[in-house]
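With chain A held as given, fit chain B onto it using these hints.
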Amino acid sequence: MVLSNKSRYTEKTLVSGSFFAGVHIGFRKFILPNLSFRLGLLWVILDPLLKAMVFAFLIMVIRGNISPTSLIVGVFTIGAQNATFSRSMKMRLSNEPFPLTHTPDAPLLTSMISSELFTAIFLGISGASLLILVADAPILLLPALSISCCSLAIIFSGSGLLLSPINLVIKDFGAFVGHILRLGFFLQCVLYPYSMTSGLHRSVLYWLPHTILVEWCRSIASGTSSPFSISHSLEVILIWSIPMIIGFVRFKQYRWRSTTWS
Amino acid sequence: MVLIRVNDLSLSYDGMKIKSLISLPERIRFDALSIDSLNVGEGEIIAIMGHNGAGKSTMLSALAGKMRPSSGEIEVIGTVIHLSGVNPGFDPIFSPRQNLKWLSRIYGCESSTIIPEVEEFAEIGEAFDRPIRTLSGGMRGRVGFGFATSLNPDILLIDEVLGVGDPSFKAKATTRLKGMMKNTGIVIMSTHSVGLVKELASRTVILEKGRIIHDGKVSVGLKLYSEIK
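Sequence order for the protein chains is A and B.
Take the first sequence: its position 190, counted from the start at 1, is 189 in numbering that gives the first Met the number 0, and no numbers get skipped.
Take the second sequence: its position 54, counted from the start at 1, is 53 in numbering that gives the first Met the number 0, and no numbers get skipped.
No lab work stands behind these hints, which were simulated from the structure alone.
The beta carbon of each residue, even a glycine, is placed where N, CA and C say it ideally should be.
One thing to keep in mind: the hints can contain errors.
Stated by the list, open to error - Pairwise CB distance ranges, derived in the manner of DEER restraints:
{"hint": "1", "chain 1": "B", "residue 1": "I92", "chain 2": "A", "residue 2": "L57", "range": "27 to 35 Å"}
{"hint": "2", "chain 1": "B", "residue 1": "N6", "chain 2": "A", "residue 2": "V203", "range": "27 to 35 Å"}
{"hint": "3", "chain 1": "A", "residue 1": "N33", "chain 2": "B", "residue 2": "T133", "range": "37 to 45 Å"}
{"hint": "4", "chain 1": "B", "residue 1": "T133", "chain 2": "A", "residue 2": "K5", "range": "39 to 47 Å"}
{"hint": "5", "chain 1": "A", "residue 1": "V53", "chain 2": "B", "residue 2": "T133", "range": "32 to 40 Å"}
{"hint": "6", "chain 1": "B", "residue 1": "I92", "chain 2": "A", "residue 2": "S228", "range": "46 to 54 Å"}
{"hint": "7", "chain 1": "B", "residue 1": "N38", "chain 2": "A", "residue 2": "K170", "range": "22 to 30 Å"}
{"hint": "8", "chain 1": "A", "residue 1": "I165", "chain 2": "B", "residue 2": "M0", "range": "34 to 42 Å"}
Unchecked claim - Derived lysine-lysine pairs resembling DSS-like cross-links, with alpha carbons at most 25 Å apart:
{"hint": "9", "chain 1": "B", "residue 1": "K181", "chain 2": "B", "residue 2": "K208"}
{"hint": "10", "chain 1": "A", "residue 1": "K5", "chain 2": "A", "residue 2": "K170"}
{"hint": "11", "chain 1": "A", "residue 1": "K11", "chain 2": "A", "residue 2": "K89"}
{"hint": "12", "chain 1": "B", "residue 1": "K197", "chain 2": "B", "residue 2": "K169"}
{"hint": "13", "chain 1": "B", "residue 1": "K197", "chain 2": "B", "residue 2": "K100"}
{"hint": "14", "chain 1": "A", "residue 1": "K11", "chain 2": "B", "residue 2": "K208"}
{"hint": "15", "chain 1": "B", "residue 1": "K18", "chain 2": "A", "residue 2": "K170"}
{"hint": "16", "chain 1": "B", "residue 1": "K177", "chain 2": "B", "residue 2": "K208"}
{"hint": "17", "chain 1": "A", "residue 1": "K89", "chain 2": "A", "residue 2": "K28"}
{"hint": "18", "chain 1": "B", "residue 1": "K16", "chain 2": "A", "residue 2": "K89"}
{"hint": "19", "chain 1": "A", "residue 1": "K50", "chain 2": "A", "residue 2": "K251"}
{"hint": "20", "chain 1": "B", "residue 1": "K181", "chain 2": "A", "residue 2": "K11"}
{"hint": "21", "chain 1": "B", "residue 1": "K222", "chain 2": "B", "residue 2": "K208"}
{"hint": "22", "chain 1": "A", "residue 1": "K28", "chain 2": "B", "residue 2": "K169"}
{"hint": "23", "chain 1": "A", "residue 1": "K170", "chain 2": "B", "residue 2": "K16"}
{"hint": "24", "chain 1": "A", "residue 1": "K251", "chain 2": "A", "residue 2": "K89"}
{"hint": "25", "chain 1": "B", "residue 1": "K181", "chain 2": "B", "residue 2": "K16"}
{"hint": "26", "chain 1": "B", "residue 1": "K197", "chain 2": "B", "residue 2": "K181"}
So here's chain B without its partners, still in its complex pose:
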């Protein structure tokens, strides 16, 4: 069974605000998320939409178990992959090949199948055997994205990761991501791409100032999104 259940969730950020260079910092608090209820079942592909700062990334981080709720509860059944960047934990002094061998062991997958697959997908030629620190951001992104999408989680959380690389790579990455989504129990993606939502999502959740203002049909969600945008 794969599911996500959220009850009375709230999440706040506390921090220090520096008013000026000569005054003492003061404490600030920002309520980032407040969700009464959200239930996601197996087979659903949910698109989370909302303008910048609406709480999409905070929500995905909380669902991934990376952020502590201020109150409420999140129940997640299944293994989770949170694609919020394209660095699965690379060591910059090793090459992509060496890193993938190590990371395969950590993430519990077969390096003998993953490495050729990622090498073929990334298309970075001899750079695949150069230290990661000598690779460009785009090249690192290709390797990282290739590895992340070769894992088989039960729940996939995607936080706007398709900004990697040039247009041809983006198209390739989108195809690969779609393939991965088809094999995953639950997919929740945070996106601004209306086309992607129309094509893939079975449900939309629209966030506004950390609160869900719509949870349901894609057509209704997209209409609402265009109005608040």
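Bound conformation, chain A alone:
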């Protein structure tokens, strides 16, 4: 182990550095918050299902004539995106989960990604199941919504990491971003479809991964074709993968920097 201001090179550690250890820790992070409830693991499914019901009911009351399928797909995808981004940005990188020794980066990063993926998969499955049962949505929505939630979760967990060093030093930053995310709920295609937008708003939405994925799910649910071509969709996902990759690659450096106040 060589430690300097610029880098922390860890050669040997007692804490397991394997990929599977990371997935195991991630699975626990996903499961554990539910185990303190009476219904235990049932909450893994119940929580997103109830969330879907509440949002569907609430928004139907507010908007009246909008399709519940469109709303639920919008709410679940934006939920996967914003919650993941917020968690990554506010992640306490200096924390050592196993404080007797330094925990290597690989299992921590794997655990972070895998717990977000588990959450996104369950979010997707719950939302799609509800729509299949209640709104007669096609069964294809089940993998589509899960894939969309997972893609957004991965992209925004990496991008959120990019902002974590700033948020660590200037906590006000996280508070501002929180409000921007809340505003994003109304500015992105959650409560309305992409076809209802125009002008600059439409141009910005055209380059957001949420728009691409939510409209893909909506097109599957309604049996129509997506307003975006495959090449454009891939282009947007690739562009947004850049900050994600930088965030993941710099994870080690961010962790090291966050271990002092300087």
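Frame of chain A, contents of chain B only:
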């Protein structure tokens, strides 16, 4: 090979100081550690002494790879265990037995040998199968200390952890720690206990305001420590 090598190390804390409830916080900086050179080889048991705030805990945290130096370099060869508390990463909703099973996997040791060993050492009876959150601080300390001292690191960094439990347990913990120290390549302990230093240390390092003012013989170090105390 097991070794620790420190070169031109400095470590500072930056933070915010709140002057009053109605003013904006201002930035402060505190230089916690400044070490020109420190080399530790296999078989050494080093006692780090100094009054509160001298930089002992910061130094051990830096050696454990938990704190980023402001400048300089630390080279550590060997697996490190840093006993700075007695919580190896417990989940409060699980029992000590369940936690130890999980932690054994994480720390890469055999749960079938560790669990009976820790259970016997901790002596907390049926509480060993109760959720950790229902255990008293002392009970948690016994389990945590038992687990931490059952690991086999190359380098052991001890930061005043013998404050756990009642006097009989403290005596038991000291014996166990001594046993662990004998099987470890390098031991660096931060302590105020002159008796422990006399008994175990092969070298003393005295810190004053983050700087090493003595690195060498135990007798000289203890004399200096009594003067600055």
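Exercise for the section: Determine which of the earlier numbered hints do not hold for this structure and return their numbers in increasing order. Expected result: Violated hints (numbers, rising): 2, 3, 7, 9, 11, 13, 14, 16, 19, 22 and 25; every other hint is consistent with the structure.
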